[in-house]
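Use the sequences and the hints to build the structure in full.
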Amino acid sequence: MQGFLDNIVRHFGHDPATWPWTQFVYLAGMAVFAFAVINFAAITAGIFSWAERRVAARMQSRVGPNRVGPGGFLQWVADAVKLLTKEDLVPAEADKFLFRIAPYFMMVGFACVFVALPFSHRLVIADMNIGIFFILAVTALIVVGIIMSGWSSNSKWSLFGAIRSAAQIISYEIPAGMALMIPVMLAGTLSTQGIIRAQGGFPWQWYLFDNPAAFAAFVIYFISALAEGNRTPFDLPEAESELVSGYNTEYSGMRFSYFFLVEWGNMWVMSALATTMFLGGWQIPGVSAETLDAATGGAAVVLELLSLAIFVAKTLFWVFVVMWLRWTLPRIRVDQMMNMCWKYLVPMSFAAVAFVGGWMLVVHAVPALGLVMRAIMFVLGAAFAVFFVYRTAQNIRDTGDKFDFTSNW
Amino acid sequence: MTEARRAPESPTMEMTSNKEVLRRIEYTGDMLLNMGPQHPSTHGVINFLVQTDGEVMKRAIPEVGYLHRSLEKIAEKVTYNGYMPYTDRVDYITAMCANQGYAMAVERLLNVTVPKRAEYCRTIATELNRISSHLVSLGTMAMDVGAVTPFPYALREREFINDLLEELCGARLTYNYLRIGGVAYDLPEGYADKLVSFLDHFEKILPEFNRLITYNEIFVQRLAGLAPIPAEMAIDYCLVGPNLRASGVKFDVRKDIPYSIYPEVQFEVPVGRGEVGVTGDSWDRFWVRCEEMRQSCRILRQCVAQIPKGEVMAKMPRKIKMTEGLEAYSRIESSRGDLQYYVIAGAGENAYRVKVRTGSFTAMGIIDVLSRGLMIADLVALIASLDVVAPEIDR
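Chain order of the listed sequences is A and B. Going by the numbering used here, the first residue of the first sequence is number 1, and it counts up by one from there. Going by the numbering used here, the first residue of the second sequence is number 1, and it counts up by one from there.
Don't read these hints as lab results, they were simulated from the structure. Do not rely on the hints blindly, as some may be mistaken.
Stated by the list, open to error - Covered by chain B, per the in silico footprint, the following chain A stretches (three or more residues, Cβ under 8 angstroms):
hint, region
1, 226-235
2, 265-275
To be verified - For lysine-lysine, the following DSSO-like pairs were computed, each having C-alpha atoms within a straight-line distance of at most 27 angstroms:
hint, chain 1, residue 1, chain 2, residue 2
3, B, LYS319, B, LYS116
4, A, LYS96, A, LYS86
5, B, LYS204, A, LYS402
6, B, LYS315, B, LYS77
7, B, LYS355, B, LYS321
8, B, LYS194, A, LYS402
9, A, LYS156, A, LYS86
10, B, LYS58, A, LYS156
11, B, LYS255, B, LYS77
None of the values given here were measured: they were computed from a predicted structure. Note that the Cβ used here is the ideal one computed from N, Cα and C, for glycine as well.
Encoded structure:
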């Protein structure tokens with residue numbers, strides 16, 4: 001975004017390199033972007049809280065919240081206002097200082113991710129050359145907040161939740177990080193925008209279908225992201241049927257809402273990252289990144305919005321998948337969770353990285369092989385999608401379910 | 001004396017009070033976790049004293065009595081007919097069965113023969129109630145394992161059953177439908193058709209439910225081989241009903257000590273087979289309940305086809321009075337297993353003593369032994385798989 005600010009300064013007839021007020025413009029720009037980012041994160045999380053309840057309701061043959069606003073859309077505003085006006089209770093035996101600051105650690109760790117996350121061709125707060133590394137690093141702050149909240153609550157249930165979460169998030173950082181290294185290797189850059197630019201608009205140009213190991217890496221990343229985001233089937237830290245509410249048992253009011261804001265906001269983060277790394281990000285099918293760079297005037301605006309729409313659509317699809325999984329699957333046990341990470345995901349992710357290294361050498365020698373592999377992978381993926389639709393249709397026919405998307409809003 | 005102090009380590013022989021246990025836990029340095037009485041997955045107000053070292057439990061001691069309402073004492077103060085609504089509260093998830101057990105005991109005291117049609121009405125009501133009770137059990141068990149969606153699915157079906165039972169007796173939870181000597185109301189007009197159309201719908205839902213949760217890989221992984229109860233141990237600990245049958249013991253009061261019209265209907269008694277793990281594990285207990293719902297559907301279809309015409313109430317005196325000291329005993333198969341009533345007649349219009357023996361109470365006894373070495377998440381699944389209902393434990 002520095003370039004954007006420089007352009008504004010130039011627009012007013014100053015040279016950004018020599019003009020003494022440039023730093024202040026940067027500072028003001030930072031404040032504006034930080035405000036925008038935190039609001040985007042909070043509002044997305046809020047909307048997801050409504051969306052998740054409506055999606056869950058549809059899956060469970062219920063109606064869900066539909067009273068506040070059209071289709072209950074403003075339910076999240078009502079909830080936020082309610083939570084803000086509730087008493088902020090601190091248990092008498094709690095470590096009061098840690099108890100109070102724990103939610104902010106989570107908020108900071110969560111909001112910082114948005115700095116490096118792209119939204120469209122030009123819209124990214126900071127296109128850092130260490131983007132992925134930065135995202136992985138700041139996400140770790142969330143676990144600090146969780147452990148802090150669990151420990152300071154001085155409740156056994158909270159402590160259980162915190163310890164589970166520490167074990168879980170730290171373990172799953174490894175397969176997640178290794179899986180994300182595969183797009184990094186293929187693109188040769190850690191920058192999020194650079195990785196998207198290295199892919200293309202059509203599905204067979206995505207890293208998802210680049211080779212079998214990349215596909216496996218996507219699956220590994222997605223599972224690990226679910227675990228890091230405490231989503232079912234990995235919602236052990238807040239397993240309500242076992243640990244009452246886990247690490248946030250003792251929280252109330254605004255501080256409680258922070259935990260859930262982070263949880264729902266994390267759905268965007270994990271889905272946006274999956275879109276960026278494996279699904280071609282904002283790339284428009286048939287329009288190369290160079291064309292986007294070169295476009296000016298009205299065409300540039302249209303293409304920019306189109307790329308934004310494509311990115312958001314892909315991300316929202318994966319957000320939906322995350323919700324879908326949550327309302328379908330049971331929770332796994334803590335030892336199974338650790339087994340899955342250390343016995344399956346970690347070795348598989350290392351194997352995938354090794355395979356991709358070798359595969360890149362092969363493709364470098366015989367470029368045609370890469371194209372053949374992409375074609376095969378894409379056809380397999382499409383066949384799987386068709387099979388999935390077929391089985392779903394068959395199940396619906398067996399039970400004689402009727403679809404009704406229009407009533408009960 | 002020295003022999004007594006060196007108490008054997010065998011769990012069945014330990015006869016210590018909870019207070020003593022608490023003191024011991026303090027010495028060991030393990031964590032004492034009070035799971036309940038206000039915990040989301042104890043299915044009512046039950047407390048579990050959990051001695052734990054991290055996630056792995058050393059033992060979990062059930063502490064019952066939070067929901068004691070002196071139901072047996074009340075029986076000594078109200079008339080025989082007046083006690084019928086109280087039996088609803090013995091087990092409000094299967095109120096019909098609790099009604100039936102009491103009605104049968106008093107009928108035996110009076111030597112009353114219940115009209116055939118009333119027996120069929122009773123069977124229709126109890127079998128519907130059995131399905132609804134199992135639906136609650138399966139739904140909450142899935143929820144305790146972390147899958148929330150099966151619960152609303154199960155409760156949606158239960159709503160249909162509640163509608164049917166409401167049409168039968170006007171109530172949706174505590175029915176008070178049975179009377180000593182018969183039932184309160186005959187089947188309403190067109191009831192058979194409604195029942196059959198519900199069964200047609202419900203028999204399609206069962207495979208859907210199995211696809212959704214029963215054979216879900218994570219669900220199977222969680223429950224297969226979890227806390228298996230061998231057949232011998234199940235008998236030793238006096239387990240009844242689906243918990244006993246899941247261990248491979250083919251005992252069903254409806255078949256083995258037949259009552260009411262059960263000899264006239266065909267049905268199977270599903271037993272646990274260890275399909276995914278060991279016979280008698282938690283998954284088997286879940287599966288046996290799924291199968292029992294299917295069998296209940298079979299029984300209901302036959303009842304609808306065979307129900308004769310006639311009265312639904314035997315000739316009964318306005319006031320029931322009996323010779324003091326008469327005793328009667330009844331056993332029925334409630335959805336939680338063998339439910340037994342023991343009634344001793346008093347001098348006036350009330351009983352001298354009523355004793356209710358319920359399946360949930362005996363199921364609580366085995367938790368202490370089974371819980372050793374399990375994880376906290378497993379304890380939740382174990383409690384749910386035994387299908388304990390707090391009011392039935394304490395009464």
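Review point. Hint by hint, which ones does the structure fall short of?
Key: 2 and 11
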